[in-house]
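Engineer: Those sequence lines, one after another, are chains A and B.
Position in the first sequence counted from 1, then plus 119, gives you the numbering used here.
Position in the second sequence counted from 1, then plus 119, gives you the numbering used here.
In short, the hints are calculated from the structure, not lab data.
Treat the hints with care, as some may be off.
[Said to hold, decoys possible] Pairs of lysine to aspartate or glutamate, EDC-like flavour, derived with a Cα cap of 16 Å:
no.	chain 1	residue 1	chain 2	residue 2
1	A	Lys-246	B	Glu-244
2	B	Lys-226	B	Glu-361
3	B	Lys-246	A	Glu-244
[Said to hold, decoys possible] Which residues of chain A face chain B? A partial, calculated answer using Cβ under 7 Å:
no.	residue
4	Glu-152
5	Ala-202
6	Ala-205
7	Arg-245
8	Val-249
Model, not experiment: these values are computed from the prediction.
The beta carbon of each residue, even a glycine, is placed where N, CA and C say it ideally should be.
Chain residues, written in single-letter form:
Number of protein chains: 2
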Amino acid sequence: MPNYKLTLCYDGSRYRGWQRQGNTPNTIQEKVEAALSRILSQPIKTAASGRTDAGVHARAQVVSFRAKTERMPEAILRELRAALPADIGAISLEEAAPRFHARLNAKGKTYVYRIWNSDAPDVFERKYRVSEPRALDLDAMRAAAAMLCGEHDFTSFCSDKRMKKSPVRRVDLIDVERLGDEVRLSFTGNGFLWNMVRILTGTLIEVGLRERDADSMQDILDARDRAAAGKTAPAQGLILWEVFY
Amino acid sequence: MPNYKLTLCYDGSRYRGWQRQGNTPNTIQEKVEAALSRILSQPIKTAASGRTDAGVHARAQVVSFRAKTERMPEAILRELRAALPADIGAISLEEAAPRFHARLNAKGKTYVYRIWNSDAPDVFERKYRVSEPRALDLDAMRAAAAMLCGEHDFTSFCSDKRMKKSPVRRVDLIDVERLGDEVRLSFTGNGFLWNMVRILTGTLIEVGLRERDADSMQDILDARDRAAAGKTAPAQGLILWEVFY
């Protein structure tokens, strides 16, 4: 049965996240599977590179699925684009190697977090940024970010208290840049725990506001306690930027 | 009584346009006047540089109003920003010359029309662009645009059949540029008739699609008949970009 790699973008504002949840209708997975199942006249089950939480966006989420069909991917893609709602977009669809799996084969990901760092209004991109009008010390944020890179036990930066998997992850790069009135954080790593990017962001913002020392990052990691880190930054500023294979 | 110049931006998607309409609640003017009246504890009447239609956006709409107050503009601006809904932003507020009037003193305006010229999905800016995936001949559009510049009777590009005012306007510049997958039209002139920018855009798109000759622009102008021009392009792609004084 042919195997496919689908790349999607979405505005997560009105969804309960990627993952299908029993009978709750408002998930992105459900919308995509319903459209694919209708187009391909068979029940389609998708696997994404990872779930995104309620309100989180994706610039390029990768999804794999199998379907018994002889139709060309371009034709399926065209129909899928027409079938999806305006806030979910199908970027590309290609046949994949037989054993390709969007989550199991993912080698790494980049997430971006966008902060509107001004007291001027942010009308047109308000759904994709969070507002923090106070001055941010980007040098302090960069110093803290550097201490968080590398392979660590990120238990302090995870919302899941009963996690069974290993809490060790490798963060390759945390980039802190200013683009006009926007401060943009980019996180690249081999994987992220539940809410990890949002807790890292909340903690870095507290460093930027000088409510927390950049030097304290090692203590937070060592504590292995969610309470040691900063707030969980809101979902709307987070976007799954890219998945690496 | 002090006179003020207020600059606003707004996402017009959910509004019936700028102008207050009896008891219909969903106009931008109504939201702004309600907020100002509450903040300044007196009934405030505003005058905008011009009305924008339902669904049209503004990057920098200019509004004037008078208020009896001794409060500093910065303090009023701060409260106004907090009071306005997320899709209306107050950019600046300053005291203006006693006779300043946002509409009567406007010397010119720039409107921008944004077209998403690709069959790839346009998820994140979908509310501010219209989609036209077919190939557009920008050179033909530029040739037509050049013929529309200058002082003309724009009756053919106006939706108001019973207009009492003069239909003569001066268009100084129509710029046609490609920015990646976006085609952006910018119109600068001393004033625009009702729906004029949207009908100019609809006509230029038809030229870009080669459904209409660039050379036919003079015939359309000469006809002084709305039926001679192209379709009215949708409101959502239009944005009041700047007002000149």
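Engineer: Give a verdict on every hint.
Structural biologist: Hints, verified against the model:
| no. | hint | verdict |
| --- | --- | --- |
| 1 | A:Lys-246 to B:Glu-244 | holds (11 Å) |
| 2 | B:Lys-226 to B:Glu-361 | holds (11 Å) |
| 3 | B:Lys-246 to A:Glu-244 | holds (11 Å) |
| 4 | Glu-152 | violated (18 Å) |
| 5 | Ala-202 | violated (12 Å) |
| 6 | Ala-205 | holds (5 Å) |
| 7 | Arg-245 | holds (5 Å) |
| 8 | Val-249 | violated (12 Å) |
Of the hints listed earlier, those the structure fails to meet are numbers 4, 5, 8, in rising order.
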